[in-house]
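Undergrad: Protein chains in written order, with our numbering: chain A, 9 to 269; chain B, 2 to 381.
Keep in mind that a hint or two might mislead.
Unchecked claim - What follows is a set of in silico ranges between Cβ atoms, one per label pair, in the way DEER data are often shown:
| hint | chain 1 | residue 1 | chain 2 | residue 2 | range |
| --- | --- | --- | --- | --- | --- |
| 1 | B | Q341 | A | P64 | 57 to 65 Å |
| 2 | A | R167 | B | P40 | 40 to 48 Å |
| 3 | A | S216 | B | H30 | 47 to 55 Å |
| 4 | A | D186 | B | V365 | 45 to 53 Å |
| 5 | B | H109 | A | A247 | 53 to 61 Å |
| 6 | B | D215 | A | A247 | 35 to 43 Å |
Bear in mind the hints are in silico, worked out from the structure with no lab data behind them.
Cβ coordinates follow ideal geometry from the N, Cα and C atoms, glycine included.
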Amino acid sequence: MNKTILCFFCFLFLLPSCRKNQPEKPASIQLTIRHSVEGNLLVVDTMRYVNAAGNPFLITEIQWFLSHLALQKSDGSLEPLADDEGIYYLDTDLSDTWTIHSSRPINPGVYTGLKFVFGLNQTDNTSGRFVNPPESFMFWPEQLGGGYHYMKLNGKWRRPDGLIAPFNFHLGIGQVYDSITDAVRFVQNYFEVELPCNLQLKPEKQTSVELEMKVEQWFSARHPYDFDFWGGHIMQNQAAMQQACENGKYAFAIHILNASE
Amino acid sequence: MMNKFTLIGLILTGFWLTACKTKDELPPHRPTPYELKTPFGFPTKLNIPSDNPLTEEGVSLGRFLFYDGRLSGRTHPDSLMSCSTCHIQKNNFEPGVDHPVFTGGFVHGLSGQATTHVVLPLVNLVWNHSGYGWNGFIYPGNPRPDLQNIEDFVRIAVIAPDEMNGDTLRVKRLFQSLKGYPELFGKAFGSETITFKNIERAIAQFVRTLVSADAPFDRYLRGQYQLSPSELNGYVLFMTEEGADCFHCHGGGGNPLFTTHLFYNNGKDSLLSPQHDRFSVTGDPMQRGAYKAPGLRNVSLSGPYMHDGRFATLDEVIDFYSHHVVSSETIDPLMHHVLQGGVQLTPGQKADLKAFLLCLHDTVFLNNPAHSRPEKFPDE
């Protein structure tokens, strides 16, 4: 009997210590992608926008990749949302691409930022990676550096002569030419985006966050992007792509929709 | 002692049990799965409906039906029509501009009524998820269950006044009466009673096996062929915005289907008044004048070109994209050379581009005996 009582007390002592060693239950996060112009939801196919260079323009569609999506802690450590490269294809025409769910358990805690790569980094951006549409339709020609478009942003603008001209604001690997036909060097135009936030993730709770692409920023943040100057296509124009990417770093914002409770 | 009634009862029960056993012992229908190999670089996602998987028996039956002129539901030699009447293997499963009956490649049905659009090739359709026909009116996920996939196209081809102008009941009855066919349906679908649904399924299965993936360009991608300088230059033109800029709609190395299967207004007309464009399917006014970008495999055989067959030759097509593109309200943004009239190729560049396009000519596919007309039909 004495032994039984002793065992019972030992068990009582052990219980709390076990509880302490148990890992915290994971949190999850849902990211909703929103494309906006001047704070309002993007409206496609109508000539209702004017960029910083004064070009009236419309957008027909935006298709793009983001990758290596991760939450960042104050010490700089990262908590990826996926176990792999976390490559996501987003398309204004395909609503099922507008929401991203963390696909791995996320450690609860306080996060001070969201970080991702716009497009695909040099390691990830290999030709043949995607064989199925719609991702495969984003391929970037081998002759221009290969891999995939980071983004296809298509639309039209009104020229000073009143004519409507189509544009393909396509970003990917750039080229440096020695003549009009021979690319001597390729330029990785992808860039990292860091968005500060104050996010507290709690165990077993899902937090909803909105990632906003502020479309107008592609044409204004650092350099007023003039369609009349750059024309309707820039895949072989590194200077234009560089300006665009420098603008693009400021084209994103994060909003916490509902913090975990 | 057993009385008479008990004995009879026992015998009847015995018969009944035996009958049940025989029914239970019918061999389960297990057709042989058809292995469709994914060629190098091709998508792995296939458009094969779950209720019509590819089987050796189904594909074999589909091939007979595809080529059998009695698919029109008639037996008189003047009234025979099948899929192969217009979809001719040596012409990329299209009529061809040199067709003896369909002058210039413009087809008409048994009634003499011309089809709305020119014929599209039956090539690599197992990778089409976006819609069949020039405007994609048949597509997976269509709220209309009768307009979803290749199976439905079979039915439409049989009943449409501008095609076989037939009647599905008559067709299935005719094939039921033809020696050999019921047995083949039994092997393919587990029942010798022919239904039109199974006719649709069999032909759709055969069509899904029509894979072109062995053109010189495919061999180039596999490291087995060296493009000539002209072909290589044409390839560069095909793949660059400063060149001919074909790849955004028509694929290339990263999309060896040579089509996105999507729909574009490619700048053929400044005034849009078509009745069967993409807008007629989606109701989206921005898709007025938009039609499917057809695959470019075996494109030299694909004339007449464009949905209305306005161009007879590949040279005319290249000239169009080079100099004659016109603007309209709904022109696709990918046609960003429109205000210059096109991509402005020089004669030398046009020749190179054409040389590259001819690298998509797949003689293995065009002569593949597995796709050809059977030597004999089941009742012969």
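Undergrad: Run every hint past the structure and note whether it holds.
TA: Status of the hints after comparison with the structure:
no., hint, verdict
1, Q341(B) x P64(A): 57 to 65 Å, "violated (21 Å)"
2, R167(A) x P40(B): 40 to 48 Å, "holds (44 Å)"
3, S216(A) x H30(B): 47 to 55 Å, "holds (49 Å)"
4, D186(A) x V365(B): 45 to 53 Å, "violated (40 Å)"
5, H109(B) x A247(A): 53 to 61 Å, "holds (55 Å)"
6, D215(B) x A247(A): 35 to 43 Å, "holds (42 Å)"
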